[in-house]
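S.K.: Chains A and B, in that order, are what the protein sequence lines are.
Once you know that position 122 of the first sequence is 122 in the working numbering, the rest is easy, because the numbers rise by one and skip nothing.
Once you know that position 352 of the second sequence is 709 in the working numbering, the rest is easy, because the numbers rise by one and skip nothing.
No lab work stands behind these hints: they were computed from the structure.
Note that beta-carbon positions come from the ideal geometry of N, C-alpha and C, so glycine has one too.
Treat the hints with care, as some may be off.
Claimed, not checked - Derived list of chain B stretches under chain A, where covered just means 3 residues or more per stretch with a C-beta under 8 Å from a C-beta of chain A:
hint	segment
1	511 to 522
2	662 to 670
3	677 to 683
4	693 to 700
Spelled out from the first residue to the last, the chains are:
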Amino acid sequence: MIRISVARRIVQIICFVLLVYGGYIFKDWKESAETSQQKIFPTLKAPEGSVSTTQFEKGSILWPSGATPVIENYPPSLVCRFNPKGGMFKACIMHFLSENLTWQTSFKYLLPYITLFIALCFLLGRVWCGWVCPIGTVGDFLTYLRRKMNIPVRRFPERFRLNLSITGYSLMVIALAISTVIGMPNYARFQCYWFLPYCQICPARLICPMFGLIKPNWKDFSTGITTCFTILAWIVLGLFVAAFYFGRRVWCHMCVVGLINSWFNKGSGIELHKKAIKCIKCGYCADACPMGLTAMYQLNRDAIYNQAGCIMCMRCVEVCPRKGCLNVSFFGKKIGNMQRRTLDAKKVSEPVRRNVA
Amino acid sequence: MQKKFLSQYEEMLLKNLKCSSSDSDNIPDHVLVEYMKKSNLSSMEGFYQEILDFERNGIDNSEKPVGFFCNIVPEEIMLACSLRPVRLCCEDYGCGSKGEEIVPGDICPVIKSICGKFYSNTYDNLEVVVIPGTCDPKAKLAEILSPVKQVYFLDIGRNSEYLGNVDVWEKKYTQFFQFLKETFHCNAGRRQLLSACKLTNARTEIFRSIYQLRAEQPDSINVFDYYIMMYAGFFMKVEKWNALAGKVYRQAKQIHKFVDKPRVLLAGTPVIFPNFKIIDVMEESGLKMAADLQCISFGRFYNPVLIDEETEAGILRALTLKDIAGSMCPCMLNLEKLVNLMIDTVNQYKLDGIIYYNLRLCQVFELQTALIRQILKEKGIPFLSIKTDLGKEDTGQLKTRMEAFREMIESRKV
Ligand code: SF4
Ligand code: SF4
Ligand code: SF4
Ligand code: SF4
Chain A
1 MIRISVARRI
11 VQIICFVLLV
21 YGGYIFKDWK
31 ESAETSQQKI
41 FPTLKAPEGS
51 VSTTQFEKGS
61 ILWPSGATPV
71 IENYPPSLVC
81 RFNPKGGMFK
91 ACIMHFLSEN
101 LTWQTSFKYL
111 LPYITLFIAL
121 CFLLGRVWCG
131 WVCPIGTVGD
141 FLTYLRRKMN
151 IPVRRFPERF
161 RLNLSITGYS
171 LMVIALAIST
181 VIGMPNYARF
191 QCYWFLPYCQ
201 ICPARLICPM
211 FGLIKPNWKD
221 FSTGITTCFT
231 ILAWIVLGLF
241 VAAFYFGRRV
251 WCHMCVVGLI
261 NSWFNKGSGI
271 ELHKKAIKCI
281 KCGYCADACP
291 MGLTAMYQLN
301 RDAIYNQAGC
311 IMCMRCVEVC
321 PRKGCLNVSF
331 FGKKIGNMQR
341 RTLDAKKVSE
351 PVRRNVA
Chain B
358 MQKKFLSQYE
368 EMLLKNLKCS
378 SSDSDNIPDH
388 VLVEYMKKSN
398 LSSMEGFYQE
408 ILDFERNGID
418 NSEKPVGFFC
428 NIVPEEIMLA
438 CSLRPVRLCC
448 EDYGCGSKGE
458 EIVPGDICPV
468 IKSICGKFYS
478 NTYDNLEVVV
488 IPGTCDPKAK
498 LAEILSPVKQ
508 VYFLDIGRNS
518 EYLGNVDVWE
528 KKYTQFFQFL
538 KETFHCNAGR
548 RQLLSACKLT
558 NARTEIFRSI
568 YQLRAEQPDS
578 INVFDYYIMM
588 YAGFFMKVEK
598 WNALAGKVYR
608 QAKQIHKFVD
618 KPRVLLAGTP
628 VIFPNFKIID
638 VMEESGLKMA
648 ADLQCISFGR
658 FYNPVLIDEE
668 TEAGILRALT
678 LKDIAGSMCP
688 CMLNLEKLVN
698 LMIDTVNQYK
708 LDGIIYYNLR
718 LCQVFELQTA
728 LIRQILKEKG
738 IPFLSIKTDL
748 GKEDTGQLKT
758 RMEAFREMIE
768 SRKV
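Chain A with its partners taken away, still in its complex shape:
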């Protein structure tokens, strides 16, 4: 069987290509996909007098976000609106929430989208982060570069990671609050500057277009507000690169989409189990965890150890040297032996044991 980490890399690369370059690859399908979708998913449109992404010109921060994606939907990953040629999916959930709060779209139009989003979350939990998210893949590539350059990883204390999550939640709340406020008729005049506040500082906005060789809008110093957003975006991008380059997936503690995702991690279809009696407390699992979690190491009884912070990369399962100690199951069904192949004792031919009761 193929090693998990190799399988994960392959899936990540495939997902990256699909999600980022989907706009190029499925260029011809776009129309037929659009019509068939409209039967299930209502079209979300900006109301009269509201700003929408299609109207931003080259030179404004939210350019280029006007292109139509292949599928007008919002999977639980950082699938960016700013992907070249619109990408595969419309955008991430943060974009969806901010946009529709501003547009004051009625809830009944949103329901199908939200239902699908939650269903996807329940199906796979944060596998969306560990295996699918293109920004996570970019980050893992940065980590790969660091390792090649023999630079040791920085390990951050629990407290620091907690603070990152708090920062993420604060950003989320602030961004959604701004989106709601500018949706009110009295404040509609602020929309051209404050529209999609989270996108304006999101690192994906700057990173994704570059994969289509489009120069993103690095700076807009035309007004005070845009200057603030430009500088904030630089800071966040700097944090992003530093977080992935010096640590492993440190960014993912504060990514808002990841945080929303993490609410569903505990009850999702993918479950990680520990069999405590097998554990020799070697600590490989805790050491290898890119999110710096230790629950699988600490657990002293047989239990499911899905945690909010876990991105389901299954690295812990792979590195555990004790066969059958850590396991993965999908809706209660155990997924084969995920351990490193070389560590399996060779099958002894005809293991007949007559003296075993």
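Model the placement of chain B with the ligands on the given structure of chain A, informed by the hints.
M.R.: For chain B with the ligands alone, kept in the frame of chain A given last:
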């Protein structure tokens, strides 16, 4: 770099401290030949030959040999510096009584043998000996050997179930790596470490196969051959050991020998050649050692190095996790996992009982016996604790106890 211990008094000590050396230091060939005859595998000959050569000629000088004790000292780091790690743990009766000229008689037999060997110039070839601070006598040994040898003392934190210690260990390993690089003027780095880990991982793979084979069919490789292989692993080159052990495994796999005798797990003090008393008696009383949890075999070979961060620091960290965090050494705080491992091994291979072997005067193994016994009693696993020393006087008594244990197991089965 670490300073030399007792450097001010070195000359005084060297002048007066000496052990008598005699020709009978080496283990006589006939002891080995006796076990060789019991072997049913032709491929084992290579290992016996290696040990004969070693006992006759000592450590060969082709690569710079470095002596070490315990699993806590990372072999991979020495291999990466292209040194030859030679494990010196020794339970030789003859050397033991010689060591008593320097250290008192009622302390750890391993320390006694080691003192005997070093103070009678048996290990002249070694440039450096690495001593870990696992137990108290070992720590003192670093000072005792200092006048005769260059000693590197590897100090560690002993709570192996506390992740905060990993940083400490990583630092200690990094210092050790640094020391070796400076002492032997070598330029090892990440690549060398990686290839060393690859070597030992290959060894792990072979060992796991052998372990599993023996657990299911204990007579495919008999217990003496098994411990001879482990002992040969003390000083043989890893590549060579791997090749020979692979041959033994392939040959043993063809043999299907079933024995209707109780299969037991042997835990506790390591069985080191030539002190095979305990397994001799076990065989004679009809108990089959099917699996073991000793530091020279399971502890040393079973865990692989799993590297997550392929940086130099990451590899050193992975080594600490393998060697210290995952260790079964009774000097560390890790009783819970040791008991877990005992129960799990018994369940997994459907073994009949556990024999816990204490070498008299080693306190750490003895200290935990009562706790282990109590837990296993609750779990309903037959448990026999044996306490003995290097001498042969109590063989008869041991045999009686083991036979009683066997009968107890057999009566349970019916
Ligand atoms: S810029 Fe960020 S928040 Fe906006 S759509 Fe892209 S990923 Fe989502
Ligand atoms: S938490 Fe990380 S992997 Fe998950 S969506 Fe955010 S950036 Fe992507
Ligand atoms: S890697 Fe496995 S055996 Fe080691 S501490 Fe983690 S769960 Fe336990
Ligand atoms: S707990 Fe395991 S699966 Fe979750 S992020 Fe850590 S290593 Fe990956």
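S.K.: Now tell me if each hint is right for this structure.
M.R.: Against the structure, the hints:
1. 511 to 522: holds (count 3)
2. 662 to 670: Satisfied; 7 residues make the cut.
3. 677 to 683: holds (count 4)
4. 693 to 700: holds (count 5)
Checked against the numbered hints given earlier, this structure breaks none of them.
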